[in-house]
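Visitor: Using the hints, position chains B and C with the ligands against chain A.
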Amino acid sequence: MRSLLWKWADRLIGLSAIVGTIGLLVGVVVVLVDVVGREFHMPLTGAQDISQMAMVTMVFGGMAIADRLSAHIAVDVFEGVFPPVINRVTQIIAPIVGAVVFLILARAMWEAAALSRMLNLATNIIFLPKAWFQYMAVVMSVITALAMILRAVDAILGCPRSEYEADTKR
Amino acid sequence: MSDIAIGGIGMAVLLAMLAFRIPVAFAMFFVGFVGISLLHNSASAMSLLASESFTLASSQELVVIPLFILMGNVATVTGMSRRLYDAAYAIVGSFRGGLASATVIGCGGFAALSGSSVASALTMGKVSLGEMKRFNYDERLSTGVVAAGGTLGILIPPSTGFVIYAILVEQSIGRLFLAGVLPGLLLAAMFILTVTMLCYWKPEFGPAGPKTSLRQKGRAFLGAAPIVSITLLTIGGIYGGFFSPVEAAAVGAGLVIFVGALMGHLSLKGLWSAARESVVTTASVMLIVMSASLINPFLALSHIPQVAGDFLVNLPVPPLAILMLILLTYVVLGCFLDSLAMLVLTLPIFFPVIVNFGYDPIWFGVLVVLTLEMGLISPPVGMNVFIVKSVAKDVPLGRIFAGVIPFFLAMLLTLAIIVAFPQVSLILPNTMIN
Amino acid sequence: GVAAAVTFSAAAADSLKFASWVPAAHTITEGVVDPLIKALEEGTGGATDIDYFTGGELGAGPLEQYVRVVQGVADMSWGLPGYTSSQFPKTMISELPGVKGDKPGYELLWNAYDAGLLEKEFPGVKPLALWLSEPNVFIMKDHEIRTPEDVKGLKIRVSGTIAGDVIAALGGTPVQIPAGELYNALQTGLIDGLVTGTSAIGDFKLDEVANSYTYNVPLGQISFYTIMNQAAYDGLSAEAKAAIDGIAGRTLSKSAEDAWNRKAEAVLESMKAAGDNTIIVLSDEESAAFEELVLPVTDKAIGQLGAEEVYKTMRGEM
Ligand code: NA
Ligand code: NA
Chain A
85 MRSLLWKWAD RLIGLSAIVG TIGLLVGVVV VLVDVVGREF HMPLTGAQDI SQMAMVTMVF
145 GGMAIADRLS AHIAVDVFEG VFPPVINRVT QIIAPIVGAV VFLILARAMW EAAALSRMLN
205 LATNIIFLPK AWFQYMAVVM SVITALAMIL RAVDAILGCP RSEYEADTKR
Chain B
19 MSDIAIGGIG MAVLLAMLAF RIPVAFAMFF VGFVGISLLH NSASAMSLLA SESFTLASSQ
79 ELVVIPLFIL MGNVATVTGM SRRLYDAAYA IVGSFRGGLA SATVIGCGGF AALSGSSVAS
139 ALTMGKVSLG EMKRFNYDER LSTGVVAAGG TLGILIPPST GFVIYAILVE QSIGRLFLAG
199 VLPGLLLAAM FILTVTMLCY WKPEFGPAGP KTSLRQKGRA FLGAAPIVSI TLLTIGGIYG
259 GFFSPVEAAA VGAGLVIFVG ALMGHLSLKG LWSAARESVV TTASVMLIVM SASLINPFLA
319 LSHIPQVAGD FLVNLPVPPL AILMLILLTY VVLGCFLDSL AMLVLTLPIF FPVIVNFGYD
379 PIWFGVLVVL TLEMGLISPP VGMNVFIVKS VAKDVPLGRI FAGVIPFFLA MLLTLAIIVA
439 FPQVSLILPN TMIN
Chain C
9 GVAAAVTFSA AAADSLKFAS WVPAAHTITE GVVDPLIKAL EEGTGGATDI DYFTGGELGA
69 GPLEQYVRVV QGVADMSWGL PGYTSSQFPK TMISELPGVK GDKPGYELLW NAYDAGLLEK
129 EFPGVKPLAL WLSEPNVFIM KDHEIRTPED VKGLKIRVSG TIAGDVIAAL GGTPVQIPAG
189 ELYNALQTGL IDGLVTGTSA IGDFKLDEVA NSYTYNVPLG QISFYTIMNQ AAYDGLSAEA
249 KAAIDGIAGR TLSKSAEDAW NRKAEAVLES MKAAGDNTII VLSDEESAAF EELVLPVTDK
309 AIGQLGAEEV YKTMRGEM
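Protein chains in written order, with the working numbering: chain A, 85 to 254; chain B, 19 to 452; chain C, 9 to 326.
Simulated from the structure, these hints should not be mistaken for lab results.
There's no promise every hint is true.
[What the hints assert, rightly or not] Sample of chain C residues at the chain B side, in silico, Cβ under 8 angstroms: (1) G64; (2) A68; (3) P70; (4) E72; (5) E129; (6) K213; (7) E216.
Since the model is a prediction, treat every value here as computed from it, not as a measurement.
Think of the CB as a built atom: it goes at the ideal place given N, C-alpha and C, for glycine as much as any other residue.
Chain A with its partners taken away, still in its complex shape (with noise of 0.2 angstroms):
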């Protein structure tokens, strides 16, 4: 059951970090087409707005794998000090603590999003809609908490899943 689960959120995971990286090389490409265009006074229009909302793009897609690679930064000083224990309990409670705020961040963020909607935001040139951005942001968190429940779930029954499929067959 939790090993489906696991192959599940691992292709979510995987596609919220394709998404994201794609978000990446289209900022780049954007600006570099931008400042090639400027030198014969062709600057693309709404660069700047394409260039913005493709990061938003990539730090949301980027969430939930970085969790799976373990790349969220914590603080290790204490931890030979502190008994085994303390240490396992660590590893329940982070990762709850993580989804906590990851559901709480979709929910900031789907409340956003209708604002946005109501007040008709978009970016400021070709006018992007921000609502669709914030949506991608909910789905993208959700991916991020779900993942880090199911950690959660893993160190509480004591088979903490350390590696990445995705990653160990890349």
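Guide: Showing chains B and C with the ligands alone in chain A's frame:
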């Protein structure tokens, strides 16, 4: 319960969560969110959570972070970083700690390109940490030097630290930038001195390499030519007005990709995995930046900075003592707070007092930025140390903080020198702008 | 202990949070916040006051200020419609070249607001002040602008689509740069200049790097709002409501616009005194050459929005 008590408890809870290895970003988000909910209401905590994280994630100024990481990653994948450090090793490798000193110089050069310490530490970390490891440098020295060297980014112009200071207290950006130049060079020199002394004391920190012939040096340098020219082109493009510092990051990344592909060192697959790794690093760094931005309004609402500041500036002691206490406050606050947030919260209280005492506001700006740099590497919340950790995943954070100590002391000494000899910072602005 | 805590929180409950994303020294303090504090002090005898958060303490940047007021992070804040222009298409008619004429800018905005034409662009809030800046000018480095010809081929920073159309109509290249990078961009020559109001020159220290300024060009102006959360207003005591009502609208807007104009005057005087600046004031004839190219942009923008009614109401022609 009073606002101040809630603020104090919040900070204590934050420290406890960090000690128990809750990831830094989760802990700061949690404390910031609950704190704002208590001091104001949960609706506004939700609102700030959404608006601050979206604003930061889409911030034009922070776009440099993923772009520079990408540049560093691609430089590493294509072997450009390796050839750069081969060249550095051939030239200064025979000195103890030579590569670490070369990294300080690299950080100084990068600081002329970027106004942000985070971007400096990330890029230099990506480029140099693996390389110093290759030459058997102690991980405390290599991570410490990158974390500390990266802070030069806000002292050597351009600098976001000076821009924010200038706008907050209505001072000239141009004068502040000039005032940062000599202290920046002095600090870089102090870092090199620190490296040299460390390696004199413990040779195994940065083992000396074999002596090389002039020919070997020349050949190694030729190998580093692509990455050196790309960096020079990028810096030149900024000062030549072809692109902005933000765009320079994309240009640098684009050039590294282009040259790497041209030389046959970069496959599409290699590019994709370098980009994917950049996304992971960006996400973990941005999550900390976003969470720090929630601690800021929490502390503002608690009125702690205001009350503490008012208490401090009204102490019945001479001006120099007050100045020292203010700088000390910045160093202490820097242990917990995001640096720039700290300026916003405290400058309105401290600045009028400093001006009243007749101290030069430009000089004070340099002192403040120096203390901000110290805050970037001091535990428990040291942004640059987290940055280095995000690059060097296998090095325990405690070892990075240990490695940073000598450089922190070097900064303290530099701060003392500039307090004692204000001319170091003021001579350039006073002679070049009247 | 307990009693003190109770009074402390009771006092805090009657404090309205005014959030500003700029330092306290900014013109907004003198033009809007101080008058509001004074009105509340006089109207309520200190029972309701303002807790003033500056420098973005309650959340950084101008972009999200409206959202923060609607969601109650702050009770009041101020901002520029131009930063989120998709929300304020009709309000921003007031920014177009040739719209303002000789009347005070806030009259245009309140004419339209009172006629019910702008309400839909301000949901969830009570606008306390709406005003216009001093006229936009050319702020240039190493280029003097006297005729439309002089703009040809120059890279000029703009912040919105219509400003971009204006620059394009004059033959320049509109460039998008974040406000925080203006100083560097001018210094290095990434941009040749920008278009904004005189007061912004001081805010971003642009006088250190720019050296030529052209006045009396039809480049429009910038609009501003100060808003209050509707629920926060509804929850006020009768005295506090009366105090706010007594100043909100044209009175507070006039105070803001006057403060902006005074700031612009002061900046202009200091630029003249500095001696190393070229200040060009076009004659009306010279200005007409610009109008010929620029006013069609205004007409087109109004036509596209179908906002002839807003335009005429603003100008008092309805
Ligand atoms: Na710098
Ligand atoms: Na710190």
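Visitor: Are the hints correct? Go through all of them and say.
Guide: Here is what the structure says about each hint:
| no. | hint | result |
| --- | --- | --- |
| 1 | G64 | holds, 6 angstroms |
| 2 | A68 | holds, 7 angstroms |
| 3 | P70 | violated, 10 angstroms |
| 4 | E72 | holds, 4 angstroms |
| 5 | E129 | violated, 19 angstroms |
| 6 | K213 | holds, 5 angstroms |
| 7 | E216 | holds, 5 angstroms |
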